[in-house]
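Residue-level listing of the chains:
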Amino acid sequence: MLFNSVAFLIFFPVVTLLYFLLPHKLRWSWLLAASCFFYMFFKPEYILILGFTIVVDYFAGILIAQQSDPKRRKQYLLISLVANIGVLAVFKYYNFLNDNLTGLATLFGFKNPVPYLTMLLPIGLSFHTFQAMSYTLEVYRGNQEPEKHFGIYALYVMFYPQLVAGPIERPQNVLHQFHQRHHFRLDNLYAGLQQIVWGLFKKVVIADRIAIIVDHVYAQPSLHNGFSLLLTILLYSFQIYCDFSGYSDIALGTAKVMGFDLMKNFNFPFRSKTVTEFWRRWHISLYTWFSDYLYTPLAIAQRDRGKWGVVFAILVTFSVSGLWHGASWTFVVYGLLHGMALSYESLNKKYRKRAAKNTPAWLYAPFSLLTTFFFCSAAWVYFRSGTFAQANYILGHVFTRQPGHNYFEVPGHQVWGEPVKYLGVPASELFGTLALIPLLLLLEQLLSNRKNEAVLQRLPAAVRWPIYYSVLFLLIFLGVYSKNNFIYFQF
Amino acid sequence: MEHQKIISEVQEIFREVLDNDDLEIQENTTARDVEEWDSLNHIQLVVAIEKHFKMRFTTAEIQHWKNVGEMVHCIAQKHSG
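Going line by line, the protein sequences match chains A and B. Note that the working numbering gives residue 65 to position 65 of the first sequence, counting from 1, and the numbers run on in steps of one. Basically the working numbering = 1-based index in the second sequence + 1000.
Cut-off 25 Å, straight-line C-alpha distance, at most; resulting in silico cross-link-like pairs (PhoX-like, lysine-lysine):
1) A:K307 / B:K1051
2) A:K264 / B:K1066
3) A:K307 / B:K1054
4) B:K1051 / A:K349
5) A:K273 / A:K353
6) B:K1066 / A:K74
7) B:K1051 / A:K350
In silico negatives: residues of chain B with every beta carbon more than 10 Å from chain A:
8) S1008
9) D1021
10) L1023
11) V1034
12) H1052
Residues of chain B placed beyond 12 Å of chain A at every Cβ, according to the derived structure:
13) E1002
14) Q1004
15) K1005
16) I1006
17) I1007
18) Q1011
19) E1024
20) Q1026
21) E1027
22) N1028
23) T1029
24) K1054
25) C1074
26) A1076
27) S1080
FYI, nobody ran anything at the bench for these hints, they're computed from the structure. All C-beta atoms in this analysis are idealised placements derived from N, C-alpha and C, irrespective of residue type, glycine included.
I would like the entire structure built from these sequences, with the hints used as guidance.
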């Protein structure tokens, strides 16, 4: 079920209301049933995959904790990891691996006998398998008691707000919350609803408005002038941010209304002054996952190699995290580009610090902000493009102009009987969409914390309420309501 | 070695690695409290501490520390052991 659908508009209040009306001991089963329904709304049979990993990880967790023999403990952990990664390999990476095998075989003059399979990627697979692995890993490390209650463990994996696109939670953060008795609280309702509306606004107003332009240009990049390509690349950064952080906000908000606290997934990523800082602020739940379970063990093992050990660990981690998004080499390059930027920053830390000291702050701060933003935007071209050819074409033509036009021109196209369109939309809509970006930055300024309280909360009610109503008004009248998927659902 | 003495030596290492001369750490300080203390710098801290105290931690030990106190406790144990 999509958060931005009519079905969810009914599902959410019904589930929440019954959740609070039911006695505590029945609530977990109600939430679990609701979560199953939510998931099966997409493609019912895939719930069997979830069921399989839940059973394996549930027993693996208990067995790991019971064993004192380190070898046995490791074996049980391996069973759990193989089951989860195996499911991912089969359903997400099978054809990718097979394609590469074919390429390799052709190179040596052989024919690849393994058949190509057509299957639909189970929704949110990369999210819930990672959350499940986090559980057995934390039990193995002794940071989490195994969950004895099978239903509660299943709920840990399936809790509908974060099931299909995160945040990828940790057992220490949430498992105990499913045992707690939550009471209905008005302040939770307000805070949760506010976050839901803000998330929806980012998704259906900003991201989906921008998507119209971005999709149009990406459909045939060669038809567009250099400046249009540049504009599209920068717009996509805002699209993907609003799409994904919007989803996270709705997830956190729905959980909050029921009294659950999920982890923060975004922390104003476009305020980063380095790429390293960007990864502390962007998709936090995934990158702390990779940092805890892949980067840190690798870097510890390689620590005698000095700086190059760190660089090695960074590059491996970011390539794998790129591949996490999708089974394609373009995602690996996306990750690798970020890995290279982080390595560069880690190797040149002293030099950059000196440069910062010798440059006036009013110049250095915006310069760092913009370079970071431009770098991320360029890397996202590989994320958005289906092929290297397309990504390379776009990046290679950002600063060129088409014959007969000057660089800054955005040529209009007209189909008979329709208004002139620029980048696929009428001029008024183009300007309207561009105006959403300063609006986003302004509203984010109001939502950021000063002394542990959002700036917005400190404003007088006479200012606050008009702001709430304007956002709601824009949401209703400017939102795109044509069943647009969230970008991260495909992962 | 006394905990307090270890903490003050560890603090010096933190200040140097994280390049922040005003940094104050206590037993209950965690990576969340210190902005520059991310997973990249964490390894450099571990390497610097190992070098300074002439000891070697296991991977499991490093991953178990939840705050400065646990790290210091581990150093003290190794020092006397």
